[in-house]
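Read top to bottom, the protein sequences are chains A and B.
Under the working numbering, the first residue of the first sequence is numbered 1, with each subsequent residue one higher.
Under the working numbering, the first residue of the second sequence is numbered 1, with each subsequent residue one higher.
None of these hints come from the bench; they were simulated from the model.
These numbers were taken from a predicted model, which means no experiment stands behind them.
Ideal placement from N, C-alpha and C gives every residue a C-beta, glycine not left out.
A few of these clues could be false.
Label-pair distances were calculated between CB atoms; the ranges are [claimed, not checked]:
1. GLY110/A / ASP314/B: 53 to 61 Å
2. GLY295/B / GLU151/A: 54 to 62 Å
3. GLY110/A / GLY255/B: 32 to 40 Å
4. LEU155/A / HIS150/B: 41 to 49 Å
5. ASP416/B / GLY110/A: 28 to 36 Å
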Amino acid sequence: MKLLDWASRLSRRGFLAGGAATIAAVAVTGPSALADAKASAGEPQGLQPEQTRVLLKFVRDLFPHDRLADSFYAKAIAPLEDEAAKDSSARKLLADGVGQLNGLAKAAGGTGYADVPDEKARVATIKQIEGGAFFSKVYGTTVVTLYNQPELWPLFGYEGPSSDKGGYLHRGFNDIDWL
Amino acid sequence: MPAKFDLNDSSVVVIVGSGAGGGVLANELARKGISVVVLEAGKRVEMTDFRNDEVAMFGLFTWLDPRTTSGSWSVGKTSPDLPIWTCKLVGGTTVHWGACALRFQEHEFKTRTRYGDIAGANLLDWPIDLKEIEPYYDRAELRMGVTGTHGIPRLPASNHGKVLFAGARKVGYTKFQTTNMAINPVPRDGRASCQQTGFCVQGCTFGAKWSTLYIDIPQAEATGKAEVRAESQALRVEHDASGKVNAVVYADASGTLQRQKARAVAVAANSIESPRLLLNSSSSMFPQGLANSSGHVGKNYMRHTTGTVFAVYDKPVHMYRGTAQSGIVMDEARLDSTRGFVGGYQFELLPQGLPSFAQNLPGGWGRDRAWIVDNYANIAGVWIIGEDLPRETNRITLHPDKKDKFGMPIPNIHCDDHPNDVAMRNHGYKQADALYTSIGAKKTIHVTPYPSTHNMGTNRMSEKPRDGVVNRFGQTHDVKNLFVSDGSQFASSGGENPTLTIVALAIRQAEYIADQMAKREI
């Protein structure tokens, strides 16, 4: 299919603004059978479940929507997990970042990041790593992959694609009643 | 039937680019019986490839080749890897354009005379005036099917437009309506009417929006006089011993270098790539780059002065429903320097679907930002688009070290806001706040400029050869069979979207080229 040919050529860069954000993360990553050489040589592949748990909590704190189940955040970080499974430098960046979050959280309150009950305390932890490589990588990817999930759109009142339904011409493009 | 020309056929006019300038010029010339070869760097996709998918279509359409930036403009910080948002495919940026088709105003052609000598700016009157271009605006509007002109009805207002108009009325504005749009409100000229899909920028799946991809290019090919070569990136324009251009060297789809001979060459690759190509075509005869004896190639880069204001209401707006950009307030487009700046600006709708809205929202992360996204359905927004002043130091240059995959130096875009731009943008933010708050907005959000889609001025038109690159017909002062056919000809940016003016100039230029060829001048 033509679109897939195109998607596979996308370079890694922001969708619009945002610099580090990556459309490629959305368009081309998917479960891959190809692990890198080090992985096949016996190193653990990808992130550990505990690391994934911290990453998910971190992304939820970046984009805290109470209406969203964890499953949406899990899907948002899936491309990062895939990348970690394929690429040892990405794995190290993510693992080190998670370690740093845990270290800062423990120093402040004695528990790992994901177990800090107070959101304000977790936010204070994030502020200490804001702008760093780990932060930028996770932010830049998940600001795209979180919100580009069609299953999530109805929860925000977004009806999405319309061409196959004949557009919004007969579906409320001018139905505003409160002005 | 598309034509097929030999590389050694020196009778053809080679056009670099297939967007608003190149696509229209190709169509006009071919219909006059002139043989044209269009070199387009991007792929050829068809309307059936369009999807209502912001992320995928961004990937399909966008010119993603590396560019660098310098200067203090905010885009250099918010989007350093992608400072320019234009397209790389057959049809160019007419595939994703919003279709606002506005004429420039009389004073905008005569900025040096009307605005005076402004420190830090490099103002220049166009060698043409509104009166001279008006007949070509008429022809452009008729061919594109612009609403609100020549008896073509306007599009109906969307919810998003109604919010804008209600606020405009409340603050005392009087010039607001659905915009002059190159989008069919009713079936016309073999094209369907607008179905209010809301995905204009992702390619109109109904073809109601004018684009050279599915209008001018097929028309040109149908004459049997035009050949479009996709995935063919021009690298260098060559000339003979007399200084006339005679060929374009390009990389084809396989990356192989080809050389197409030419009787004349028209460069229409937009305001970043056109000067890049001319600068990269330097020779012993033209050591500063082709057509650059003035030193102005690449200089006077203008985008528009832009900014966006979103407003959060208690009740639903659903800004994404309906023709995206069809709503305008023109009261601030007047020339009135008592506001603290020269030139004027429009307020235009610029809605975004949830994925791009959420991604492009400023404010980083956390609860405050999430709250705004939570209110997505209740948000209206407007884009400030105003005149950007030319500055010699805002310019496109060839990167000293970095090269693309064909070995061509990549462009650097240097831009610093002029104080006039800053004053205008801040005025726009303030007025938009007042407009939206007047009808109950509980919060407004200011967004800095997006990567530039309107790019102008880098091969500007001038009466005197020392002041610019091309003459009143887009013909370069230095080389009489070399033309510039895109927005880089603009001597000022105006406060209006550039496409209609690019099309009008291309129609006019085609007449001139045909005339000069008939007279054996070129």
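Status of the hints after comparison with the structure:
no. : hint                            : verdict
1   : GLY110/A / ASP314/B: 53 to 61 Å : 43 Å, violated
2   : GLY295/B / GLU151/A: 54 to 62 Å : 56 Å, holds
3   : GLY110/A / GLY255/B: 32 to 40 Å : 59 Å, violated
4   : LEU155/A / HIS150/B: 41 to 49 Å : 45 Å, holds
5   : ASP416/B / GLY110/A: 28 to 36 Å : 50 Å, violated
Hint compliance for this structure: hints 1, 3, 5 are not met, and every other hint is.
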